[in-house]
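Here is how the chains run, residue by residue.
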Amino acid sequence: MGSYIIRRLVYGLVTLLALSLVVFLLIQASGGGPLDRLKLNPRMRGVIAQLTEEWGLDKPVMQQYFTWLKNFVTPADVRAADGLTVLFGKIGIRGSMPIILILGAGAYTVGTFLAKVAKPWWRPFRAFSLVFVWFTAIWLAKSRLVFSLSWGDSFRGDGPVWDNIFGAAGATFRLGLTALILALLIGIPLGIYQAIRQYSFFDQVGTTLSFVAFSTPIFIIAVGTQLLFALYLEKWTGVKLFFVAGMSDPSYASLSFLARMGDVARHLTLPALSIALISIATYSRFQRASMLEVMHSDYLRTAKAKGLPRRRVILKHALRNALIPIVTLVSLDIAGIIGGAIITESIFGWPGVGRLYIQAIDAVDYPTVMAVVMSIGAGIVVMNIVADILYGVLDPRVRYD
Amino acid sequence: MTDLQNRSGDPGGDDAAEGLAVEPITQWDLFTARMRRHRLAMLSTVFLFVVVFISFVAAPLLKCDKGATECEFPRLWDYTDGLRDDGGRLLVNIAPRGPLPFGSDEIGRDVLSRVIHGGQASLTVGLVTGLLVASLGTVVGALAGYYPGIIDQASMRFTDLILGLPLLPVAIVVGRLLPELTFLPGWMRAGPWGIAFLLGFLLWGSLARIVRAEFLSLREKEFVEAARAAGASDRRIIFRHILPNAMSPIIVQTTLIIGAAIIIEAALSFLGFGVRPPTPTWGGMAASGARVAARGFWWELVFSASALVTTVLAVNFIGDGLRDALDPTQTIERK
Numbered sequence: 001m002g003s004y005i006i007r008r009l010v011y012g013l014v015t016l017l018a019l020s021l022v023v024f025l026l027i028q029a030s031g032g033g034p035l036d037r038l039k040l041n042p043r044m045r046g047v048i049a050q051l052t053e054e055w056g057l058d059k060p061v062m063q064q065y066f067t068w069l070k071n072f073v074t075p076a077d078v079r080a081a082d083g084l085t086v087l088f089g090k091i092g093i094r095g096s097m098p099i100i101l102i103l104g105a106g107a108y109t110v111g112t113f114l115a116k117v118a119k120p121w122w123r124p125f126r127a128f129s130l131v132f133v134w135f136t137a138i139w140l141a142k143s144r145l146v147f148s149l150s151w152g153d154s155f156r157g158d159g160p161v162w163d164n165i166f167g168a169a170g171a172t173f174r175l176g177l178t179a180l181i182l183a184l185l186i187g188i189p190l191g192i193y194q195a196i197r198q199y200s201f202f203d204q205v206g207t208t209l210s211f212v213a214f215s216t217p218i219f220i221i222a223v224g225t226q227l228l229f230a231l232y233l234e235k236w237t238g239v240k241l242f243f244v245a246g247m248s249d250p251s252y253a254s255l256s257f258l259a260r261m262g263d264v265a266r267h268l269t270l271p272a273l274s275i276a277l278i279s280i281a282t283y284s285r286f287q288r289a290s291m292l293e294v295m296h297s298d299y300l301r302t303a304k305a306k307g308l309p310r311r312r313v314i315l316k317h318a319l320r321n322a323l324i325p326i327v328t329l330v331s332l333d334i335a336g337i338i339g340g341a342i343i344t345e346s347i348f349g350w351p352g353v354g355r356l357y358i359q360a361i362d363a364v365d366y367p368t369v370m371a372v373v374m375s376i377g378a379g380i381v382v383m384n385i386v387a388d389i390l391y392g393v394l395d396p397r398v399r400y401d
Numbered sequence: 402m403t404d405l406q407n408r409s410g411d412p413g414g415d416d417a418a419e420g421l422a423v424e425p426i427t428q429w430d431l432f433t434a435r436m437r438r439h440r441l442a443m444l445s446t447v448f449l450f451v452v453v454f455i456s457f458v459a460a461p462l463l464k465c466d467k468g469a470t471e472c473e474f475p476r477l478w479d480y481t482d483g484l485r486d487d488g489g490r491l492l493v494n495i496a497p498r499g500p501l502p503f504g505s506d507e508i509g510r511d512v513l514s515r516v517i518h519g520g521q522a523s524l525t526v527g528l529v530t531g532l533l534v535a536s537l538g539t540v541v542g543a544l545a546g547y548y549p550g551i552i553d554q555a556s557m558r559f560t561d562l563i564l565g566l567p568l569l570p571v572a573i574v575v576g577r578l579l580p581e582l583t584f585l586p587g588w589m590r591a592g593p594w595g596i597a598f599l600l601g602f603l604l605w606g607s608l609a610r611i612v613r614a615e616f617l618s619l620r621e622k623e624f625v626e627a628a629r630a631a632g633a634s635d636r637r638i639i640f641r642h643i644l645p646n647a648m649s650p651i652i653v654q655t656t657l658i659i660g661a662a663i664i665i666e667a668a669l670s671f672l673g674f675g676v677r678p679p680t681p682t683w684g685g686m687a688a689s690g691a692r693v694a695a696r697g698f699w700w701e702l703v704f705s706a707s708a709l710v711t712t713v714l715a716v717n718f719i720g721d722g723l724r725d726a727l728d729p730t731q732t733i734e735r736k
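As given, the protein sequences belong to chains A and B, one line each in that order.
In terms of our numbering, the first sequence has 258 at position 258, counting the first letter as 1, and numbering is strictly consecutive.
In terms of our numbering, the second sequence has 471 at position 70, counting the first letter as 1, and numbering is strictly consecutive.
So that you can see chain B by itself, here it is in the shape it has in the complex (with noise of 0.2 Å):
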């Protein structure tokens, strides 16, 4: 940090003399340097990278549909029909052993590979969730932030009644109702998008005022007011000179909104208005775990709920990372 710092102190006059090709210090440099001292974020980086990977482009590669018999090594791989052996008898509630590494659940399926499947309906929601959030409420909270009067007081009324809302019970009604809400297009009604775009919409609120905070007191700056006087337009105001400087207050709620978001979905599978089965999802596989663990056979729940909880674990190590990493007065003090 030090020699980053005495760097930036001084802008490279003497190299530019020499005539060496001088790298400044951009704003990047010192956020990786920041990210990179706090271990566990970059660990759970890292482990979330490898997640995303498993989940989106491994899990379809290794996917067998042709059914428990005829897949040969993905044998493996196959999460909707059940095991079976060679008498033909499923192999139901089997505990963790050689070629079932995770055991097997109360229908016969494998777990290891419906934990690796699980991971997509969890990792969509959070990601388009924090997607929706993001855009949202940046977008309502810099045009609430930035015009004052009748455009603020009316958009923060709103913010104001989503925010009122009680989350769980009204996610919950909406998930029981998704696959019979006819007027909606088929993909948001089965699968994790209607979640998603369920949970953005009911979870914005908080960004949005953040992001208004934001901007009223960004928009009184003195380079504000430069930008003002050399004539920029409003639209080039708000996105080349506040919004910029508002990033990471934004950056760092939505890493906390995708992993409440994915803990909502959970619930939801868990309770049953989530994502429907067959589609293996975490949360349901608790569910259905749950239900067997009380009779010895643990592995089902403990497997996808570990999987659950180091991945939101993961995403808020990142989050809490890059506070300390986006924050430009923060001196480094944590081992």
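Just chain A, with the same shape it has in the complex (with noise of 0.2 Å):
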């Protein structure tokens, strides 16, 4: 198992490499530069072949990514910081939460895995991981330590791209942990009900939709949503309920507490379900297969036979196995969800790294450019192995060879 693990660590490294390589060169093969438009200006000639030195532009291409390559390992600045910023660079502990949730997600999936498989001497800790993660967190934010990646300045003239990207995170992580708990919350039961009543007419209007949803690009959905539920709905009766744009209002500082909740709420909800309407598709899609597979098996005949009440079965007989396809499948999602958030965001302009992304490569800002594919690679990497690890953890037929 362990050597498993460091097996796709490699693997993933790989990947990651020739994901960088190929990316970079591309950017340079490509004519335009990111000094094109100080081109149009003659006075800029200075300031172009300064900056051009200065970002070693003038220097062969492989040595430009070997440069880029080993700054972009290089921690930049580990020191106590003033004032009360902290984890990630300037997000601030309150940002940083859904970050450090998901890593305390993430290690108590492994402490329990740990504590069902592998060594005995981890189960008293199982119950620990969580809380002791959270501290660890708090404990470093507290501490004020600031750590970052000489990923370099960005081309744009907005400061480090490190900064730039764990302050969009953020929020990209607010749409998309939202989108997600959206899509779980009613995917999931959809595709449960849709096989219980199988080829009632409410299985087959949701099966039609379904399909409707995943054959929809996403950018329609978002375009539509907007429109209909900001723009007409405004139009029509005067009810302005939702925002089309950005994550709060300017005047959120000064709110109240229950205040501040709605307001995010009017800005999160839009593009959160455009996010989430393919993926509501695709769990209950393969909810319902799941579902209809586990109902037609053997022991679930015995446990109708045994008279168990309709409700215990399926909720428990049921349902248990019917969920281990899904949590495979969503850890597999995530990938799509960061796809569709870099799309949704450019229409909402929520400020997340989607958008940032977009803004870098129109500005052939490849600093950034190349920073935002490594963590999104990074990301599909890790997800791909938490959804194999918890497959064999779910289903203990799995064997990993």
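Where hints are given, some of them may not hold.
[To be verified] Here are some chain B residues pointing at chain A (derived, C-beta under 10 Å): (1) Pro425; (2) Leu501; (3) Gly504; (4) Leu564; (5) Val574; (6) Ala667; (7) Ala668; (8) Thr680; (9) Ala687.
In case anyone wonders, no lab produced these hints; they're calculated from the structure.
Every residue, glycine too, gets a C-beta built ideally from N, C-alpha and C.
The two chains are supplied separately, each in an independent frame; assemble them into the complex guided by the hints.
Below is the structure:
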């Protein structure tokens, strides 16, 4: 198992290296450069020469790549910070909560797994792993440790890439997590109900609708919800229920707690729903299929035959096994959610990683482009491994070789 | 279905005795019989044929390059120039009516003809990507599945690498840079072909895995062993014995990939990194339509989006129908 994970991590690393090389070379192979816009102005010649040297744009391509690679993995700044800012660059403890939560959940999962199959000595720690990680994170934050890698400065002149990305990551996590939770809360019960009432009217409608949902590109869903539930809703009824751009109101800081919650919800609902919709369709289809498979199994017939109440048969006997495939699906769907976030964020003006990416690409700001691609790539590698491990934990028949 | 099964159960000995020509029930007959039961898939097939016909045959025939004023009836089909009224003013953002059944866009171009011409880009991307994925995925998967050891290991690691790439970010980078990649031939840098090759290269991984799994299980089957014992070459075993049995997942997966490719192309065009204007694409039209829709000019967005969604929906329904029809164990329960 351990060697399996290590092997997967090594493959993941190779993938990331290949990814970085390909993207880097492609950017270099294209004619345009980050300084093209400045070239229009003859007075900028001096600035261009200076920046070209500073950014090393005049060096051979492979040399630039290796310089970039070396910097990319070199810590830039590990020191005690002043002020109440912390763990991940600029975002502060509240901003990094989602990350901490995810780390905690990951540690809990690994902890559970270790307790189940591997090391007996880990058992007492199992219940504490979540709390443990939580407190470690808070302690790190409180100790005002600043850590960053030298990802360089953005070519668009808006500061260090590391800070920009982790600043935007908070926004993307907020959006992505909400979408994921919405998708799970709606998609799974939908699938279960469809499976229980197979071929009913509800099932047929659900099936057709989910076909429509995953035949619809996310930008159409996003633009559609934006127009229908915000612009036209306001036009027709005069009710301004949702906002179509940004993450919070400019007056956010001066609002009361309740008003803040309301404000966040009104900004978050539409983009999160747009991302969630396709996932809802996918999850409900999968849940329906796996539920049907379980419902036709022998042990379920036994459960029914011995006279257990229907509710108990479905919720306890069927659901437990039917949820297994979904867990893997959800871990793999993270990539889809990130992809959806790129498009949705640029439509809803959500200040997340996706919008940052589009802006960086428009400006050939390749330190940012590379950093975003690598972060997303790393996320996908990790989630793939997590999916495999989870599958092994939940289904004891799976073996790693 | 029942009469087909009865006939296939009885290989027609009586008829032969009577000297009548017997028509054997082939797998194809069974397949078409099952396919015909899937009404939505049949409807979708017809619809898709119509869309393909309109995009590739009708649209080029009706195209008029002479400029809006000089085309008589085909004036409707001009899609690069803005339409003008008698006073020479551009007909900007005209609501759907009479001669402009889909209205006109923000620089006065006829939306109907742009929707019709836009199909070409989407369908080209879908079909070319599908073809690429089918061939690449099948070849790699077949080699990996049939030759265990170093070939299997190497090609599967490569497949993992491709599958590990974040699809949309990479597609966006490449799509953005495509016109500027001077080492590519011109026809790949402009239009939909470059995007199709890009997506084909990014999407074949899943099919290769499926084909490999099929080959792994089929190569242990008795009929393959029999063929090998009879002295068949590897090539013959792969192409004549195993591949025909592995066709159904290949076909189904390719159909799904076609749908996905059309969606991704549209998303790229929407973001401005796909097929470049002025070539009309449904994704690009949805993007410009979305900009004006906020002011109440809904038609460009609605018509381009509906064209896109119905086409992808049709492809997906066909995929669903094929999955049912190609599965020999499937007993038809659906209405």
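How the hints compare with the structure:
Interface hint status for Pro425 (chain B): violated, as the beta-carbon distance to the closest one in chain A is roughly 34 Å, over 10 Å. Below 10 Å, beta-carbon pairs count as interface contacts, and Leu501 (chain B) has none with chain A, the closest being about 22 Å; its hint is therefore violated. Against a cut-off of 10 Å between C-beta atoms, the interface hint on Gly504 (chain B) is violated, since the closest Cβ of chain A lies about 16 Å away. Below 10 Å, beta-carbon pairs count as interface contacts, and Leu564 (chain B) has one with chain A at about 8 Å; its hint therefore holds.
Satisfaction of the interface hint for Val574 (chain B) is found here, the shortest Cβ-Cβ separation to chain A being roughly 6 Å, below the 10 Å cut-off. Proximity of Ala667 (chain B) to chain A holds as hinted, the smallest CB-CB distance being about 5 Å (cut-off 10 Å). Below 10 Å, beta-carbon pairs count as interface contacts, and Ala668 (chain B) has one with chain A at about 5 Å; its hint therefore holds. At a threshold of 10 Å, the smallest CB-CB gap from Thr680 (chain B) to chain A is about 18 Å, leaving the interface hint violated.
Taking 10 Å as the C-beta contact cut-off toward chain A, the hint placing Ala687 (chain B) at the interface holds, the least distance being around 6 Å.
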